[in-house]
Structure formats: C-alpha cells, structure tokens
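Trainee: Spelled out from the first residue to the last, the chains are:
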Amino acid sequence: MNLEKVVFGFFILLAATLNFGFFIGDIARPELHHVYELFAAIVVNLIATTLKFGDRTQIGAIHLATSLVADLQLIAAAITWGVAVHVMQVGMTPEITASVVSLSGGALFANVVSVILLIAETLMMRR
Amino acid sequence: MRIVNDSLLFLVLRRMRIPLIVMILIYAISIFGLVLIPGIDAAGQPTAPMSFFDAFYFISYTATTIGFGEIPNAFSYGQRFWVTVCIYLTVIGWTYAILSILALLKDEGLHSALARTRFHRKVKNLSEPFCIICGLGETGGLISKTLDQVQMRFVVLDTRAEPLQELELGDYQADIPALHADAQIPGTLLLAGLKHPHCKAVLAVTNSDEANLAIAMTVRLLNPSIPIIARAEHAATAANLNSFGTNFVVDPYALYARRLGLAMRSPACYQLVECLTRVPGSPIPEPHQPPFGKWIICGYGHFGRAIVNHLDSMGLHDNIHIIDPRPTSPDDHLSIVSAGTDANPLIDAGIKDAVGLVAASDNDINNLSIAITARELNPDLFIVMRQSSSGNSALFEAFDANLTMVTTQTVAHACLSYLTTPMLSRFIREVEKQSSDWAESVLANLLPICSGRVPYVWTTRINRVKTPSLTQKMLQPEHHVPLSVLMTSNRNRTQSLKVQPLMLERAGQITLCPDASMALQTGDKIIWAGSREAWSEQKLTTHYTNALDYVLTGQVSSGSWLGKYLHS
Numbered sequence: 233m234n235l236e237k238v239v240f241g242f243f244i245l246l247a248a249t250l251n252f253g254f255f256i257g258d259i260a261r262p263e264l265h266h267v268y269e270l271f272a273a274i275v276v277n278l279i280a281t282t283l284k285f286g287d288r289t290q291i292g293a294i295h296l297a298t299s300l301v302a303d304l305q306l307i308a309a310a311i312t313w314g315v316a317v318h319v320m321q322v323g324m325t326p327e328i329t330a331s332v333v334s335l336s337g338g339a340l341f342a343n344v345v346s347v348i349l350l351i352a353e354t355l356m357m358r359r
Numbered sequence: 049m050r051i052v053n054d055s056l057l058f059l060v061l062r063r064m065r066i067p068l069i070v071m072i073l074i075y076a077i078s079i080f081g082l083v084l085i086p087g088i089d090a091a092g093q094p095t096a097p098m099s100f101f102d103a104f105y106f107i108s109y110t111a112t113t114i115g116f117g118e119i120p121n122a123f124s125y126g127q128r129f130w131v132t133v134c135i136y137l138t139v140i141g142w143t144y145a146i147l148s149i150l151a152l153l154k155d156e157g158l159h160s161a162l163a164r165t166r167f168h169r170k171v172k173n174l175s176e177p178f179c180i181i182c183g184l185g186e187t188g189g190l191i192s193k194t195l196d197q198v199q200m201r202f203v204v205l206d207t208r209a210e211p212l213q214e215l216e217l218g219d220y221q222a223d224i225p226a227l228h229a230d231a232q233i234p235g236t237l238l239l240a241g242l243k244h245p246h247c248k249a250v251l252a253v254t255n256s257d258e259a260n261l262a263i264a265m266t267v268r269l270l271n272p273s274i275p276i277i278a279r280a281e282h283a284a285t286a287a288n289l290n291s292f293g294t295n296f297v298v299d300p301y302a303l304y305a306r307r308l309g310l311a312m313r314s315p316a317c318y319q320l321v322e323c324l325t326r327v328p329g330s331p332i333p334e335p336h337q338p339p340f341g342k343w344i345i346c347g348y349g350h351f352g353r354a355i356v357n358h359l360d361s362m363g364l365h366d367n368i369h370i371i372d373p374r375p376t377s378p379d380d381h382l383s384i385v386s387a388g389t390d391a392n393p394l395i396d397a398g399i400k401d402a403v404g405l406v407a408a409s410d411n412d413i414n415n416l417s418i419a420i421t422a423r424e425l426n427p428d429l430f431i432v433m434r435q436s437s438s439g440n441s442a443l444f445e446a447f448d449a450n451l452t453m454v455t456t457q458t459v460a461h462a463c464l465s466y467l468t469t470p471m472l473s474r475f476i477r478e479v480e481k482q483s484s485d486w487a488e489s490v491l492a493n494l495l496p497i498c499s500g501r502v503p504y505v506w507t508t509r510i511n512r513v514k515t516p517s518l519t520q521k522m523l524q525p526e527h528h529v530p531l532s533v534l535m536t537s538n539r540n541r542t543q544s545l546k547v548q549p550l551m552l553e554r555a556g557q558i559t560l561c562p563d564a565s566m567a568l569q570t571g572d573k574i575i576w577a578g579s580r581e582a583w584s585e586q587k588l589t590t591h592y593t594n595a596l597d598y599v600l601t602g603q604v605s606s607g608s609w610l611g612k613y614l615h616s
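Same order as they appear, the protein sequences are chains A and B. Numbering (this note's numbering) for the first sequence: 233 to 359. Numbering (this note's numbering) for the second sequence: 49 to 616.
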C-alpha cells in the first residue's frame, strides 16, 4: 500500500462527496444549500488539484483538467453568491440560489469524471 | 521536441505541490475561524460573525502583510485571539513557500532542465548548415576553433563541464550551442539536432573509442543520410566503424605513419600536404627528410605497429629494431624486451649506426627520456616522438625533436580537411603519387602567396546555385570563361588574387594544377588555396554579374537587374 495513493484517492473522493452534499436538495431553496458546504468543497477541490500537479501521463493530464474545471465552476458559484449578498444586496433569492447550485452541479459532473478516471486507472493496473 | 519544455513546467509544479497545499490549508483554517467567531459593534453588543467574503478579504491583505486596515468595526476579543494565530500561521506559510521556490531555483535538476531547454531552442533556430561535435577535448577544441574561423556553425556535446565553461569564455564569433550531456544517449544527439534539416555531419571525437562507436552507431540508425566522422585509436574499432558504413574513420596512427613514409620518399610532397591540412593561419611547416637506413622503434603499441607496417612496406624490414617492455611477437623483427629509457638496450639495438628513432610509447615522459638518451648516444639521429597530452607541450618544444606526432592535432587536422574541403583527400592521394620535382614546383607557386602562414583551402563548385553570375555568363554561347577569371581581382583587373588552383574535377576526371587559360564548364569542382581576402573576393565575382563583367571585359557596368531591364 502506498500512502501517497491513499491521500490522492481520499482527496479526489472527498472533493466529489462534498460537492455532491452541497448540490443535493431543491435547486431554488437557499436553506438546503449551506455556505459552509460550498467553502469545504472549494478548499478540498483546490487541494485535489494541487495533488494532481506534476503527472506527465495522458491520464494525469485529464485528471488535472477535470479538477481545474471543477475549481473554476465552484469559484464562479462562490463569486455569484458573494456578489448577490454583498454587492447587489438582494440576498439569496430563488434565482440566485438556482444559479449558484447549478454552477456547483457542473463542478459535480467534473468531479464524477475525476472519480471515474481514478477507478479506471486502478482497474487497469496489473496485479 | 516539446517534451523538454513540458518537463520543466511539470518539474516546477511537482516541487511546489506541498507548499501550495500548505498555503491552501492555512487560508482555509484562517477563513473558517473568522467565519465562526462573533464580532462586536460600537455599542459593545455582540454581532454576527464575518461573512466568508469579508473573512477572505481580511485574510488576503493580512496574509500578504499588506495590512490594509479597512474593515470598519473594531474586533471582538475572540476575533483578536484568532487573528493573532492567523498572522503567525500565514507568515510561516508564505516563508515556507518562498523558501521552497528559492531551493527550487538552486536545484541541479532544474538547472539541467533549463540548460536543455535553452540548448534545444538554440539548435532549433539554427538556419545555416551545422555539424555536431561530440567531445570537446583537445581535438574537439581545435576543430571548433578552426570551424569558427572559417564561419561554419556547430553544436557541441561533452560529458565534462569544464571544457564547456571554457567555450563560453572563449573568443568565438558565433554563438555556439553547447550541452553538458552524454552523446552516447540517443536522446542527446536528437536534442543536438541529428534530425535537423541543416545538420551536415556528426563528429565523434571523444577520447574513448567505445563512445565514438556508440555515437556512430546511433547516427547510422537514426539518420543514415548524415555523414559520420569518427576517431578510432584501435584497429579493431576502425574495422568495426567501417563495417557499418562510417564515412570517414580517422586512425591518427596509421595516418601519421603514412605521412612519415611520404616524407621519407619526398620531403616536398610531405611539406605540400602538411601545408594544406594544418590549421589556416599557423606557421608553414618545415620540410623534413627522415633518412633511409636503420630505424629503432621504442614501444610496439598502436603507433609503433603502424610505423613498422609502413616502414616494412617501404622495404626496410631488415633495418628495423623494436624495443618494447612487453614480450611481444613483433612479426619476426629484431626485438629487445626493455622500456628503452636507459642506454644499454639502445646500444644493444645498435643506436650508434642507426639513422632514426621513433619514441612511440604511450607515456610522454618515457618518450622524452628515450629521446634524450638516444640523442646523447648519437647526436645525428632523426627523432620522431609521440606526444599524447598537450599539457606536456613545453617539454616537447624544449627537446625539439625532428618530428612530433601530437595525436589530438593529427585527428583534428584530418577532420577539418574532410569537413571544409571533402575533395582534398583525393588531392592528397594524388600528391602521394607525384614526384618531388612536381611538388616543389607547386610549392614555389604557393609559398609566395601565403606569406609564411598556412593558407585557407576551399572548393568552388560551378553551378547555378553556388556561382550564379558565372553560370549565367557561360550559358551565352559566344562566351568563353577561363579559370583566370577566378584568379583576378575585381577591384583592379591588372592585379591577380592571392590564390592558387590545386585541382579541377570534371565528370570524375581530375586535372592537377589546372592552367589559368582553361575554359570553365558547369559541374566543375575546383580546389583552391589562398588568403582569406582572396576567397571572399572570388566569391563576389562568382555571385555578382557587374564584378564578373569588369573582370572579363574591363568595362565598369553598373546598375541593378531592374535598371538594365528598363534601359534596354
């Protein structure tokens, strides 16, 4: 067992699960999507991205690309949230909530691809 | 090859992983703490904690030590406690990240990756023909200096760092791409432009026969169209190199033995050949005449064997005495087992009535010792010495043997004449057949134009690309263009240039020292010797119609192609 592999798998899965936790629930109801969950998802996604740096293989490149997509989507969601609350001061209306959650939904898709890649890579390894 | 650039980026990213993760964690912990701790308003009443955005904003300017005191309300004690922790955490985090970057900059791996990237870029941007020199020892150094002088571009590979640093400091006209890498690895040769469209030749001139063999093999397999010039000290290596079609194998010992034989037969032929193969600008070599008679060969190694073989072929078999420390079987020659550094074995070998001695061992100091002893015993001896290391030059100069064979120089001269004038080897073969009188007449014409320095030697090919104006003139039927055109100054046609035609090749047939009145034809190849200025002036005549017209007719025609077209 390789500790580096454990950490790598752990963060990729955690990024996907936290993302899923934020995403799940009625898309327009702000009380079902907590800001802490979004924060945790962003932090773990960033760590997962950093862990993927420096792998020159083809599969490593796709891994990095999916993570970057997820980061971009989640940060866009966070900015939308911040702008709505602080700049426009409209608060979390159903429309704003829906756009934040759908952005995180895109990130979730990228994270799922990442998990699939991880599983595929594991299965391809010869015993 | 993009791999090189990518690997640099990936290397940096990989090394920065842990510092980046540490920074992300520190930011996350700091922001999360601020989001949990309640604040206080002006009236002293507790308020809600900061929002994520406020916390991120606050940490961003605090962590970078910008200290932008902009948040309106004073902090509660809870917030102050936490911010104290945050300040120390983030300062430690940044310090760690910056130190990691600094360590990365000093990293050996990164440096070599950077050097490779730079080297690759320089090679890729070469837009003139170039050759690859593998090994920058004494031979490689001499070759690169001379190639730079005749304005040929080259790329250098060496496994040692010192000669490459010297190359950087050296006085070179061109910017020379150089890499500290092992040329035996195929990737290195590819990086050096083995498949570059302008790559013209590869020189394997390292000190090791094994490495030269590996380089030649790589070139033959990866780019068979490129000529290989390889140095081989052992006959077995030379045979191996020849077996897979190496274009030019330089065996310095056999080459030198052949030269020595030529000098014995005809000193003038020897002087002519030496004069054309040495580095241009060095002093003209002296004529030497090694005498016929009894020869003593000290050291029956590669060099000794090559000399003995050659002397045998000149009919001196019974006049050779071999002295060698190892009990060898020197092909039924008279031999004595000894190092030859003391007087007794030399006297036993008959030094008193010998005419020549070759100090051929591979140890410079032993060679000097042999030569000094021998000269004391018989001051009239003709002494030929082998010098392996250029570090001992001062000693060899002080002794002043009749001939000194410096291995590295012999290899360099052979490589250079092959690279700069490939036809010269054919000319030299012809010279070896000629009489002394002939060589003396050539020298009598050549020596006045070189003013005591070895002349430049070059080849002119008469064709549409290399000599456009000349070829155009020859297409007009009434024009007869004699060779003398290329020997006349285009500034004043009553003066002749300091050049001498050595050989003309036409459809496989050669003419030695062609006459100046000979008419030129398309496809002719001419070898010249002369001064550098004459070379560039000759080039102008062959390229520029107005200069050619002046040389041919004496009329100064001017104007461009467009001007003439409009005028007519």
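These are computed hints drawn from the structure, not numbers from a lab. Each residue gets a CB set at the ideal place from its N, CA and C atoms; glycine is no exception. One or more of the hints may lead you astray.
As the list claims (entries may be wrong) - Chain B side only, calculated, beta carbon under 8 Å to chain A, not exhaustive:
id: 1; residue: L61
id: 2; residue: L68
id: 3; residue: F80
id: 4; residue: F296
id: 5; residue: R512
id: 6; residue: L523
id: 7; residue: P525
id: 8; residue: K587
id: 9; residue: L588
Unchecked claim - Sample of chain B residues with no beta-carbon within 12 Å of chain A, all distances over it, derived:
id: 10; residue: A76
id: 11; residue: L84
id: 12; residue: S99
Claimed, not checked - Computed spacing ranges between beta-carbons, pair by pair:
id: 13; chain 1: A; residue 1: V347; chain 2: B; residue 2: S291; range: 24 to 34 Å
id: 14; chain 1: A; residue 1: A293; chain 2: B; residue 2: P234; range: 39 to 49 Å
id: 15; chain 1: B; residue 1: L217; chain 2: A; residue 2: T289; range: 54 to 64 Å
id: 16; chain 1: B; residue 1: S608; chain 2: A; residue 2: Q290; range: 38 to 48 Å
id: 17; chain 1: A; residue 1: T289; chain 2: B; residue 2: Y220; range: 56 to 66 Å
id: 18; chain 1: A; residue 1: E236; chain 2: B; residue 2: K170; range: 35 to 45 Å
id: 19; chain 1: A; residue 1: Q290; chain 2: B; residue 2: I66; range: 21 to 31 Å
id: 20; chain 1: A; residue 1: T289; chain 2: B; residue 2: D219; range: 44 to 54 Å
id: 21; chain 1: A; residue 1: G292; chain 2: B; residue 2: L162; range: 20 to 30 Å
Trainee: Let me know if the C-beta of L68/B comes in closer than 8 Å to any C-beta of chain A, holds or violated.
Mentor: holds (5 Å)
Trainee: The hint says 39 to 49 Å between A293/A and P234/B; measuring C-beta to C-beta, is that right?
Mentor: The hinted range 39 to 49 Å is violated for A293/A and P234/B, with Cβ atoms some 26 Å apart.
Trainee: So A76/B supposedly isn't at the interface. Is its beta-carbon more than 12 Å from every beta-carbon in chain A?
Mentor: violated (4 Å)
Trainee: Less than 8 Å between beta-carbons is the criterion; does L61/B satisfy it with respect to chain A?
Mentor: holds (4 Å)
Trainee: Do the numbers back the hint for F80/B, that is, is its least Cβ distance to chain A under 8 Å?
Mentor: Constraint on F80/B satisfied, holds at 7 Å.
Trainee: Is the hinted range of 20 to 30 Å satisfied by the C-beta distance from G292/A to L162/B?
Mentor: This hint holds: roughly 23 Å between Cβ atoms.
Trainee: Using 8 Å as the Cβ threshold, decide whether F296/B counts as touching chain A.
Mentor: The hint is violated - F296/B has no Cβ within 8 Å of chain A, the shortest such distance being about 40 Å.
Trainee: Taking the least C-beta to C-beta distance, is L588/B closer than 8 Å to chain A?
Mentor: violated (53 Å)
Trainee: Measuring from beta carbon to beta carbon, are V347/A and S291/B in 24 to 34 Å?
Mentor: violated (58 Å)
Trainee: Verify that the Cβ of L84/B lies farther than 12 Å from every Cβ atom of chain A, and report whether the claim holds or is violated.
Mentor: violated (9 Å)
Trainee: Return holds or violated for the Cβ distance of E236/A and K170/B against the range 35 to 45 Å.
Mentor: holds (38 Å)
Trainee: Check the following: the C-beta atoms of S608/B and Q290/A are separated by a distance inside 38 to 48 Å.
Mentor: Since S608/B and Q290/A have Cβ atoms about 57 Å apart, the given range 38 to 48 Å is violated.
Hints 4, 5, 6, 7, 8, 9, 10, 11, 12, 13, 14, 15, 16, 17 from the list above are not met by this structure, while the remaining hints are.
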